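Engineer: These are the residues of each chain, in order.
There are 2 protein chains.
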Amino acid sequence: MSPNESRITQQLDFLNEVEKLKLVFRRNRVVDRSRFENSAEHSWHIALMAIVLAEHADAGSLDVLRIVKMLLIHDLVEIDAGDTWAYDTQAQKKQPDNEESAAARLFGMLPAEQGAEFLDLWREFEARSTPEAAFAASIDALQPLTNHLISGEPEDPSLIPTKTAVLARKQHIAAASAALWAQAQSTIETSTEKGLYRNE
Amino acid sequence: MSPNESRITQQLDFLNEVEKLKLVFRRNRVVDRSRFENSAEHSWHIALMAIVLAEHADAGSLDVLRIVKMLLIHDLVEIDAGDTWAYDTQAQKKQPDNEESAAARLFGMLPAEQGAEFLDLWREFEARSTPEAAFAASIDALQPLTNHLISGEPEDPSLIPTKTAVLARKQHIAAASAALWAQAQSTIETSTEKGLYRNE
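Chain order of the listed sequences is A and B.
Position one of the first sequence corresponds to residue 1 (the numbering used here), numbered consecutively onward.
Position one of the second sequence corresponds to residue 1001 (the numbering used here), numbered consecutively onward.
The following block holds chain A by itself, in its conformation from the complex (with noise of 0.2 Å):
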């Protein structure tokens, strides 16, 4: 085999591997509530939604490439992982150690190289320690709340979580975007409206 067939090998053997995102599912729901959303279809989500919503960044012309390929790679680790829900903080706390792991064993599939360079961007995804992370992180973070404006119906009360605890994990968009960040609060208004969130 030569070297360039065994580095298409390697990253066909990746490739063929995240297959198993389309088996991780969500809390939130396709639009026709038919059942829940997975974590590739998400992926594919945020990722338009980033190069739709680049321009209002407020750190200005970012690399929007880097902010695409982290919001496409930033749930690999839930194929070992899980997906923890945004709300769950006992399962949150066990969530960073088992993330790591994930991302070495995926991300070590690839080509030396390759792989180091995936990690990294997952890292600095996780850490929003660029401009482009941050944005990234806050996509990430605005797609769940107008899917579930559109798609979620009012649950048990014990259930669901509060519009203040929603603010706050929301919080970070306005970091990146202002104009965003007053789209979120007002989705999480008419969303608590709604019954999706208790309103305290």
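Think of the hints as simulated: they come from the structure by calculation, not from any bench.
Owing to the predicted nature of the structure, the values given are computational and were not obtained by experimental measurement.
Glycine included, C-beta positions come from ideal geometry on N, C-alpha and C.
One should not assume that every hint holds.
[What the hints assert, rightly or not] In silico DSS-like pairs for lysine-lysine, Cα to Cα no more than 25 Å straight-line:
id : chain 1 : residue 1 : chain 2 : residue 2
1  : B       : 1194      : B       : 1163
2  : A       : 194       : B       : 1020
3  : B       : 1094      : B       : 1020
4  : B       : 1163      : B       : 1093
5  : B       : 1194      : A       : 20
6  : A       : 163       : A       : 194
7  : A       : 93        : A       : 194
8  : B       : 1094      : A       : 20
9  : A       : 20        : A       : 93
[Claimed, not checked] Quick look at which bits of chain A chain B covers, simulated, 3 or more residues with Cβ under 8 Å:
id : stretch
10 : 8 to 14
11 : 18 to 26
12 : 31 to 40
13 : 44 to 54
14 : 60 to 68
15 : 146 to 153
[Stated by the list, open to error] Footprint (simulated), chain A over chain B, 3 or more residues, beta carbon under 8 Å:
id : stretch
16 : 1034 to 1044
17 : 1063 to 1072
18 : 1126 to 1140
19 : 1146 to 1152
Keeping the supplied structure of chain A fixed, place chain B upon it in accordance with the hints.
Structural biologist: For chain B alone, coordinates are given in the frame of chain A:
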């Protein structure tokens, strides 16, 4: 409403509308065969594939963001026009008109200059008129092959395409990347041995 708020409203209306791509199902299955793959998660997969495999494009250094944009939007027209199976030649004939109408409606929801950019990108992809479009199309052709080999099972021979038809349908990969075409041919060969295509 300020001009910027009005832009965001249009953009978010579009981004809500494209939720429907998660409800368009393809002929291929997810890797545990529990259900058909949908066009949103397929779009995620090929955008990531393009980033990982871009180095194998024969045209040399390409504009990867442009490729990714094309792949993220290439199937949106299916929201109105539906997915047409690659080997259903009757349905394929009617598809272009339906897809042009769908593109006009969907991209028409965006602010004018942004909608025009997306429409141009979609047409560029369809026409494979640039090295970026040819490479994007090769990835869109490769993913169903690699997916089918790991998720497909032999079906009624009268319902499956011949190896010759699959090779003809995928031949354009060769124009974008000799290395990926070699992978495609090898995948088609293995799939035929597995009974996924008729050996004729």
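Engineer: Evaluate each hint against the coordinates.
Structural biologist: Each hint tested on the structure:
Under the criterion of a C-alpha separation no larger than 25 Å, the hint pairing residue 1194 of chain B with residue 1163 of chain B is consistent with the structure, at around 12 Å. For the suggested pair residue 194 of chain A and residue 1020 of chain B, the alpha carbons sit about 22 Å apart, so the restraint of at most 25 Å is met. A distance of roughly 22 Å separates the Cα atoms of residue 1094 of chain B and residue 1020 of chain B; the hinted pair therefore holds under the 25 Å criterion. Distance restraint check for residue 1163 of chain B and residue 1093 of chain B: the Cα-Cα separation of roughly 22 Å lies within the 25 Å cut-off, and the hinted pair is therefore satisfied.
Restraint check for residue 1194 of chain B and residue 20 of chain A: the C-alpha separation of about 22 Å stays at or below 25 Å, so the hint holds. Between residue 163 of chain A and residue 194 of chain A, the direct Cα distance comes to roughly 12 Å. Compliance with the 25 Å bound is thereby established for this hinted pair. Distance restraint check for residue 93 of chain A and residue 194 of chain A: the Cα-Cα separation of roughly 30 Å exceeds the 25 Å cut-off, and the hinted pair is therefore not satisfied. With a C-alpha separation of about 34 Å, the suggested pair residue 1094 of chain B and residue 20 of chain A falls outside the 25 Å cut-off, and the hint is violated.
For a cut-off of 25 Å, the pair hint linking residue 20 of chain A to residue 93 of chain A stands: about 24 Å separates their Cα positions. Counting residues of the stretch 8 to 14 of chain A whose CB lies closer than 8 Å to any CB of chain B gives 4, so the stated coverage by that chain holds, three being the minimum. Remark: the stretch 18 to 26 of chain A is confirmed as covered by chain B, as 6 of its residues place a Cβ nearer than 8 Å to a Cβ of that chain, reaching the required three. Restraint check on the stretch 31 to 40 of chain A versus chain B: 6 residues with Cβ-Cβ distances below 8 Å, three needed, restraint holds.
Taking a C-beta to C-beta cut-off of 8 Å, the stretch 44 to 54 of chain A contributes 8 residues in contact with chain B, enough for the three needed, and the coverage statement holds. With a threshold of 8 Å between beta carbons, the proposed coverage of the stretch 60 to 68 of chain A by chain B holds, since 3 of its residues qualify and at least three are required. With 4 residues carrying a beta carbon less than 8 Å from a beta carbon of chain B, the stretch 146 to 153 of chain A meets the three-residue requirement, and the given coverage holds. For a cut-off of 8 Å, the count of residues in the stretch 1034 to 1044 of chain B with a CB near a CB of chain A stands at 7, and the three-residue condition holds.
Counting residues of the stretch 1063 to 1072 of chain B whose beta carbon lies closer than 8 Å to any beta carbon of chain A gives 5, which meets the minimum of three for the stated coverage. Only when three residues or more bring their CB closer than 8 Å to a CB of chain A does the claim for the stretch 1126 to 1140 of chain B stand; here the count is 0, and the claim is violated. Against chain A, the stretch 1146 to 1152 of chain B contributes 4 residues with a C-beta closer than 8 Å to a partner C-beta. That satisfies the three-residue criterion, and the hint holds.
The earlier numbered hints that this structure contradicts are 7, 8, 18.
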